[in-house]
Structures are given as structure tokens and as C-alpha cells.
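> Please build the complete structure, drawing on both the sequences and the hints.
2 protein chains.
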Amino acid sequence: MQEHTVRAYAGELRRLRELVARMGGLAERQVADSVTALVRQDAELATEVIGRDAEIDALEREIEDFCIRLLALRQPAGADLRLVVAALKIIHAIERIGDYARNAAKRSIVLAQQPRLGSLNGFQRMARLVQENLKGAMDALVNEDAARADEVWAADKPVDEVYNGIFREMLTFMMEDPRNITAATHLLFVAKNLERIGDHATNIAETVHYAVQGQALTEERPKGDNSTYAVVRQQD
Amino acid sequence: MQEHTVRAYAGELRRLRELVARMGGLAERQVADSVTALVRQDAELATEVIGRDAEIDALEREIEDFCIRLLALRQPAGADLRLVVAALKIIHAIERIGDYARNAAKRSIVLAQQPRLGSLNGFQRMARLVQENLKGAMDALVNEDAARADEVWAADKPVDEVYNGIFREMLTFMMEDPRNITAATHLLFVAKNLERIGDHATNIAETVHYAVQGQALTEERPKGDNSTYAVVRQQD
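Just so you know, the protein sequences line up as chains A and B, in that order. Counting along the first sequence from 1, when you hit position 231 you're at 231 in full-length UniProt numbering, and nothing is skipped either side. Counting along the second sequence from 1, when you hit position 229 you're at 229 in full-length UniProt numbering, and nothing is skipped either side.
The reader is advised that the hints may include incorrect statements.
Footprint (simulated), chain B over chain A, 3 or more residues, beta carbon under 8 Å [stated by the list, open to error]:
1) 27-34
2) 61-75
3) 85-96
Derived by calculation from the structure, the hints in this document are not laboratory data. Here a beta-carbon is modelled for each residue, glycine too, at the ideal position from N, C-alpha and C.
Shown next, in the form of C-alpha cells:
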């Protein structure tokens, strides 16, 4: 390749990383705002979150087209090819994160009209943890920092632990008073959305590791979610 | 390209479509078996489903590697490039479907020890619908049939309607008797898993359409799920 072509190509790969990180940043904000809307019972903010999801979807299409043009015109190989394939995988995960945040925002609108159940501190804690992980994964991508990616990959356990606590708390609310059932059910789904967002952040970190190192992470990831097996006894 | 290279390349693209369809077939079976395990309260079958998820994950890695080799060695363009990018997108969606089926199977193990709530007919109906859609999307991919993909894309509404019915039924069970809360909560999550599997099947169909036609579907998809906004009144 001629020198100016090489420079242009390097610039395109950098731009790809930055576009993906920008999409990740939008998703982070959506997660934060959806939980703020939940905690403050702010239906207006929730409606904004729902409306903004289209920006994430549009950016996904833009990045996908950019990847296809890169593949067609530059025919990348080795680490560059891995980056493009990783970017395609990551943007789909971010798009899912956006969908989960939108869904949480929709439920916040219903919950704004329901009596408040508990402090909802756990939700804020979960949102903060998954946002940090998502941000860490994006930083790892932009800086091609496999060690940072590995940190995020190992950091999903606290998210699962908070989720398990919320799961038990909500089932207890339901058993105490049937009037809590509607609100507690929606809150359970919001918590599940946050837990899945955490899973996606972890998967993104795994993909970044692969893109940077050229090898998949093989170790078994620490898992803290056992609510799938949970049985909460009825309170007498 | 020389003739034998062209033939080898065409064979590789066909093999790619077949590998993706095989992965889709595995996921279909997982969905079917997880719901059979649920309905029959068969913990043994549920355990098999959980164990088999690793096959789907392994096939995802195999197909991803195959795509990367294709991109590196054949430098596909136009429709071939679209197929490879679509395949990468589809296998991630199938991997998610596998995860949802595994999660449903895990919950079936808990539910096998709980009193049975209702007929669970809705779950079988949902499973059948999402399986058909997944199969339709895979057929569309293998036969490069955009019209078939469009049919699947438009067929998600009945899935959402059954889901809404289950949502209301489960909330009613919870309100009738707090002893139903644990089982009904797990069943709600299983129904949500099936609903998301349906969403993924629809997304896959959309991706197949794009791969075959070279243009994204732009029309708004018919949506029937409004349970996110649902409020069920307490029964007096």
C-alpha cells in the first residue's frame, strides 16, 4: 500500500474503535437514566430514554455499514480483521443493552404510578456496577488494553450478588401483601434487565480481549447468579 | 479466480449457510426440550438441555473461525460479503437463544419440585410458535429465500399475544395465593425467555432478508407485546 493509504487505513480502524466506544457511551447513559427514572419515579425522563433508543440503533447500522466498507475496500487481515469482526459482535451486544435499558424505562413509567417498594438502592448499585463494566470494556477497546478487558470480565460477580438480593426482596414484598405483586413483578424484570446488561458487558470485555490478544479467554468466568434456582419460602 | 477455486469458494459459502442452519436446528431442539421438561416436570430432561448448551457455544466458535478464514482468504465482496457478515450476526443471536433455553431448563428443575400452576398450555404454544419461526428463518437462509424471511419477520405478534396471556395468568395465580408466588415468578421468567427467543428469531429473519436482498427491512414490525405496561388489579 502507498503511505497515504496506510495512514488512511489506520485512521479508519481508529475511527471504528471510537464509533463503537461512542455507541457504548450512549448505552451507558441510557442505563443510568433508566434507573434514575425508576428511582425518582420520573416518567418524563423514562420517556426520553425510550425515544433515545433509536439513536443507538441508527449508530449500530452506521457502524455495521462502516465495517462492511472496511472489509470490502481494505480487506483487512490478522489483528485488523479480528478488530472488525469483534466490532460487529460488540455493536450487537450494545444494541441489546440499549433494548434492555428501553425496556427498564418502559417499566419505570408503570412503576411511577405504583406505590414505591423499598429504597431501590440495589437498582442504583446494579446500574453503577454495569455502567462501570461497560465503560471499562469500551476503554479497553479504545486503548487496546487486554488487561483492562480481563478486569471487566472478572467483575460480573458483584452484579449477580446484588441481583440475587433484589430477587429475594421482591418475592418477600409479594408474599407480604398481594397489592405489591404488580410493582414487584415489574421491578423483578428491571433487575433481570440490569443483570443481563451486566452479562453483555462481560461478553463485550471477552470480545475485546480476543480482538487485542488474538486468543479467546478460556477460563471459566466467576458466576454469582443463583436466583434461577431460588426458592423463597412463604412468610408465615 | 481459477475454476476450481471458484467452485471451492461457492462450496464454502454453502457450507457456511449449512453450519448456521445446523446451529439453528440445535437451538430449536433446546427450546422444544426445555419446554417439554417444564410441562412434564422432567428434571432429567432439563439437565440434559443445560449440558447440551455447550454444543451450541462450540459451534458458534467454529462458525466464527470459519467466517474469519473466509474473510481473510477469499476476501468476499457484494452479496458474499453480506452473507458472511449476516452469518456472524445470526450465530450470536442463536447463541443467545441457546442461553435462554438453558435458563428455562434451569428454572424447570426448580419448578419440577413445586405445585403445578395451571395447564402450561400457553408455554407449549409459545415454544411451538418460536420454533416454527426459527426454523423458517433457517430455511430462508439456506434457500436464500427473502419472501420466507419476511413471513417470519411478520409472525412475531402471536408469540407476544400468548406471552401477554401468560403474564396476566401468572399475576392472577400470585394474587390468589401467596404460595404460588415462587412458581409463578419462575414461570414468568420462562415466558419472558420464550418471548425473547421469538424476538431473536424475528431479528434473524430480518438479517436473512438483508443478506439475500442487500437492503434492510424498513417497515415497522407488528408488535403485540404490551405486558411491559401491564397493571393487573388485585382480585378482591
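> Hint by hint, which ones does the structure fall short of?
Number 1 - this is the single hint that the structure violates.
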